[in-house]
Amino acid sequence: MIDAQTLESNFSAIEDLAKKDGAELELLVEAGESLQLSSIHGKLDKFDSSHSNVAGFRVVLNGVEGYCWTESLEASDLQAAYKEALENARFAARGRSSESSKIDTVKLYSSTHKAPEDQKLFNDSLGKVSIDEKIARAHRIEERTQKADERISSVPYNQYAESESEFLVLNSKGIRARQRRTSVSGYAYCLAKQADESRMAGESFFVRNSSDLADSYIDDVAQAAAAKALAKLGAVSPETGRYPVVINCRVAAQLLGVIGDYFSAKSVAQKTSIFSEDMDKPIASPLVNLRDDPNVENGVGNRTFDAEGAYSKRTDVIEKGVLKSWLTNSVYAAKLKLPHTASAVRSAKSELGIGPSNWVLEPGRTSVEELLARYPRVIYITDFTGYHSGFRAGSGEFGFQSEGELWENGRRVKALCNFVVAGSIRELLMGVEGVSSRMSKKISNTLAPDLLIGSLSVAGA
Amino acid sequence: MLSQGIVKKVLDAALERGAQFAELFVEDTYQSELTVVDSKPAKALVGRLKGAGVRVFYGNEQVYVTTNDLSEAGLVKAARTAAAAKPQASGGVTRKESKSFTPTAFDELHDYGTRPWEYDRDKKFRHLMTMDSAARERSSMVTQVAPALVEKTQRILVANSQGVWAEDERNYVRAVVTVSLEDQGERESAGSRIGTLGTSDWFESVDFEDLAFSAVDRAKLLIHADYAPAGEMPVVIDNGFGGVIFHEACGHGLETTAVAKNASVFCEKMGTKIADDCVTAIDDGTIANTWGSLNVDDEGMKTKKTVLIENGVLKSYIVDGMGSQQTGFERTGSGRRQSYKYAPASRMRNTFIAAGNDTLEDMIKDIDFGLYAKEMGGGSVSPGTGDYNFGVTEAWVIKDGKLLKPVKGATLIGRGIETLGRIKKVGRELRLQDGMCGSVSGSIPTTVGQPAIQVSKILVGGRAT
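Quick note, the sequences are listed as chains A and B, same order.
When the letters of the first sequence are read in order and numbered with the working numbering, they come out as residues 140 to 600.
When the letters of the second sequence are read in order and numbered with the working numbering, they come out as residues -7 to 457.
I should point out that these hints are in silico values taken from the structure, not numbers from a laboratory.
Please read these numbers as outputs of a predicted model, since none were measured by experiment.
Hints may be right or wrong, so weigh each one.
[Stated by the list, open to error] Per label pair, the in silico range of CB-to-CB distance: (1) B:51 with A:594: 53 to 63 Å; (2) A:158 with B:112: 52 to 62 Å; (3) A:253 with B:106: 51 to 61 Å; (4) A:527 with B:199: 40 to 50 Å; (5) B:107 with A:381: 48 to 58 Å; (6) A:244 with B:177: 28 to 38 Å; (7) A:572 with B:107: 30 to 40 Å; (8) B:-6 with A:218: 18 to 28 Å; (9) A:513 with B:322: 37 to 47 Å; (10) B:428 with A:145: 58 to 68 Å.
[Claimed, not checked] Quick list of in silico lysine-lysine cross-link-like pairs, PhoX-like style, CA-CA up to 25 Å: (11) B:78 with A:182; (12) A:488 with B:35; (13) A:488 with B:261; (14) A:488 with A:158; (15) A:222 with B:144; (16) A:488 with B:333; (17) A:273 with B:333; (18) A:246 with B:144; (19) B:261 with B:144; (20) B:144 with A:488; (21) B:88 with A:182; (22) B:1 with B:88.
C-beta atoms are modelled at their ideal positions from N, C-alpha and C, and glycine is treated no differently.
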């Protein structure tokens, strides 16, 4: 997808310009092709095919960064983008005292480490499946979900998607890193109707190889989506009160994505992490173990190197409830004198940040059924909605619109809807009383088991 | 941006396998984001988005192909890719040619001045530092201030096989500040923002100190506040961003994107009473220099003002080209997209509940125990069920007709069509507020707004004891 030779030659010419300007240079290039298909009432509702290139410069001038990106990889456009990034670095140098400059000086990453084994995130399977078969798969997702039960009235949100992408990092310290990826994913969200009541639920999938997407796989997704929606019919609002709560593993994985930034050294430096003073202190129940792992089997977020070109590695962030490590990139590792965890993230259109490959909250040895039977009355949370509006990152408090089930003495009693589960992230993590052996499906880069929380606020009717 | 000759070749290539309609959308966008953190410039990020999308219709089926390659060959290749994706069921090949172009006539509704690349960067830096120092001086509890200036100039061309040719420029500028406070082990954060459809010279009119003060004052108010009560109660939602409740709870359900899929609770409700007489709701793209306004939409249609609900009766959906074809309702100039990377869809512009006759004081006076939502946060909705949720960023308990105390952690949830029916009073003072709306065609600038409203019952997700 990317003509690496031409790009290297263009980069080399800009490196010469940067030397004259006294600047250091990092170029991140993303290229990709993607296809998204969806089906409504057996007709093609969406056929979106895209081909894109983006090049993003990060220029360091006298220890200060400036950024610019462009969607053209032509030599002249790359040079213009470099010059704009240089100007932005000059802008960013304003208002810095010599004292603060010493603390905040940024250096580009350099390394002599050997590359680890290739993760084989790329394959050529997409080209081996005809476009007609891909369209048929989109129709199949809708049709099989619709036919799963007569109470499924429609499948308004469904998708079959695939992409091939390439990611290159080049810097003037000699870093040259290249990663290609293939993915096939999709989802079905259906409406179940009964009298005047309608409930929506869905299921998603992710595979790396298009050939792995057998018909039976789509059937399972369709059946699961329909079963979830049907299970919600007849739901009522629970009484307001405090309840023991079991958070479904998929929901727990989503929550992990919401709070993950608290473990970034950048958040610590910018005083936005609620855990910034808690290194080596207990911040969760001893049952909680959290790691960033770039080598999960079939992991969505697997990576060989990070956005600075540093080779990725496992970092244990919480061990038996105790905070043990921040995630760092080379800049914040130097700034806060912390171990470098190779956790740089950046798209060509963004600034350098910090983020995980895969967040993994480790499973326990208990079945979810045992967790649900631990108390005489338990609310099982199957959906949280409104993560962006219901979460206040500054204080770590949340109030999420929820759906779920009431369980009594280990038996499901009824479906629940129209309630808000509220608390704080500290309260939630410290309150973990059980961790299931089952893990969430690999459909995102956060993975978690079901969690039993001793008591949380439930606002209902 | 491109000659008519090249565009015609592209559209004809898109039609060569029998599509009934072809459209080319070309975009050249400059965008800049400058931020300060720790009282120092933190991010200076500038980018140039340049590309095109070719869309074809085969009946009610739509194919969309994007490319960064704006050469004639690149565009024709994208058009042929779109043509080749022809669904099998769409019949034989009856090749059409695109009609000759007639530029869409419109009066420029908005005043523009200094573009972002022309505006002095030192001034931008001073604006950012004004927010930073104002926030820090406002309270010793402030531990972090993150102000940002965001600017965007989008030039577009939309042409289609029916002869539409529309070129437009949209300029957006926005100032945002987020503050973090800490006191006696408690943490709180809050943000303020203001934005307009305009150019960078608009910054001269912004009171950056006031913007920073309002964020700090809100965080101070909440840092030691009790939690909101939990349960169903009457709620008064103040004007401005309070309008997000209509946007999420009802607006998305009125978009043909949901209606055409039979995935809206408002399907089959046209012409029926869906709200109290006091409710009139409007989606207006024509308000000068207002965040969600346009000249022409992203399908090349002149924008307009659309009355959605009049005195409680549903009068119009929000309709784009494909939505019109699928539902039979007239287009409302509401085809919008984040960029060329998205096919257009029916989307809101400046959407608000029109002013009524009540006062905020009277609405509060009515209530024995309830909640006053002074400032709303973001929200979301499932259009299929109408279930919505919102965060409230500043809330007060109402007791015996008076404001008792500020509270934090309030989330409002409910079902849009039910809540709409529970709006019992509408205030006199309409205020609009800029926001960003994410949906099928990406994240776009939309305005929400309303006067204060009184809702007889909403479930408040505070803390149960």
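Against the structure, the hints:
About 56 Å separates the C-beta atoms of residue 51 of chain B and residue 594 of chain A, a value consistent with the hinted range of 53 to 63 Å. One distance hint, 52 to 62 Å for the beta-carbon pair residue 158 of chain A and residue 112 of chain B, is violated here, with the actual separation near 30 Å. A hinted range of 51 to 61 Å holds for the C-beta pair residue 253 of chain A and residue 106 of chain B, which are about 52 Å apart. Checked against the given bound of 40 to 50 Å, the beta carbons of residue 527 of chain A and residue 199 of chain B, roughly 28 Å apart, lie outside it.
The beta-carbon spacing between residue 107 of chain B and residue 381 of chain A, approximately 56 Å, falls within the hinted interval of 48 to 58 Å. Residue 244 of chain A and residue 177 of chain B have their C-beta atoms about 33 Å apart, which keeps the hinted 28 to 38 Å range intact. Taking 30 to 40 Å as the suggested C-beta distance range, the pair residue 572 of chain A and residue 107 of chain B does not conform, at roughly 58 Å. Distance hint check for residue -6 of chain B and residue 218 of chain A: the Cβ-Cβ separation is about 24 Å, which falls inside the suggested range of 18 to 28 Å.
Under the hint 37 to 47 Å, the C-beta atoms of residue 513 of chain A and residue 322 of chain B, about 58 Å apart, miss the expected range. Checked against the hint of 58 to 68 Å, the C-beta distance between residue 428 of chain B and residue 145 of chain A comes to roughly 37 Å, which is inconsistent with it. The straight-line distance between the Cα atoms of residue 78 of chain B and residue 182 of chain A is roughly 12 Å, inside the 25 Å bound, and the hint therefore holds. The suggested pairing of residue 488 of chain A with residue 35 of chain B holds, with an alpha-carbon distance near 12 Å, which does not exceed 25 Å.
Taking the CA atoms of residue 488 of chain A and residue 261 of chain B, the gap is about 43 Å. The hint is violated against a cut of 25 Å. As the CA atoms of residue 488 of chain A and residue 158 of chain A are separated by approximately 24 Å, the hinted pair is consistent with the 25 Å bound. With a C-alpha separation of about 19 Å, the suggested pairing of residue 222 of chain A with residue 144 of chain B holds against the 25 Å cut-off. The hinted pair formed by residue 488 of chain A and residue 333 of chain B meets the criterion: a straight-line CA distance of about 15 Å does not exceed 25 Å.
Pair hint residue 273 of chain A plus residue 333 of chain B holds up; C-alpha atoms about 21 Å apart against a cutoff of 25 Å. Between the alpha carbons of residue 246 of chain A and residue 144 of chain B the distance comes to roughly 30 Å, so the proposed pair goes past 25 Å and is violated. Note on residue 261 of chain B and residue 144 of chain B: the hinted pairing is violated, with a Cα-Cα distance of about 38 Å set against a maximum of 25 Å. A threshold of 25 Å between alpha carbons decides the hint, and for residue 144 of chain B with residue 488 of chain A the separation of about 14 Å falls inside it, so the pair holds.
Of the pairs offered as hints, the one joining residue 88 of chain B and residue 182 of chain A holds, with about 22 Å between alpha carbons and a cut-off of 25 Å not exceeded. The hinted pair formed by residue 1 of chain B and residue 88 of chain B meets the criterion: a straight-line CA distance of about 12 Å does not exceed 25 Å.
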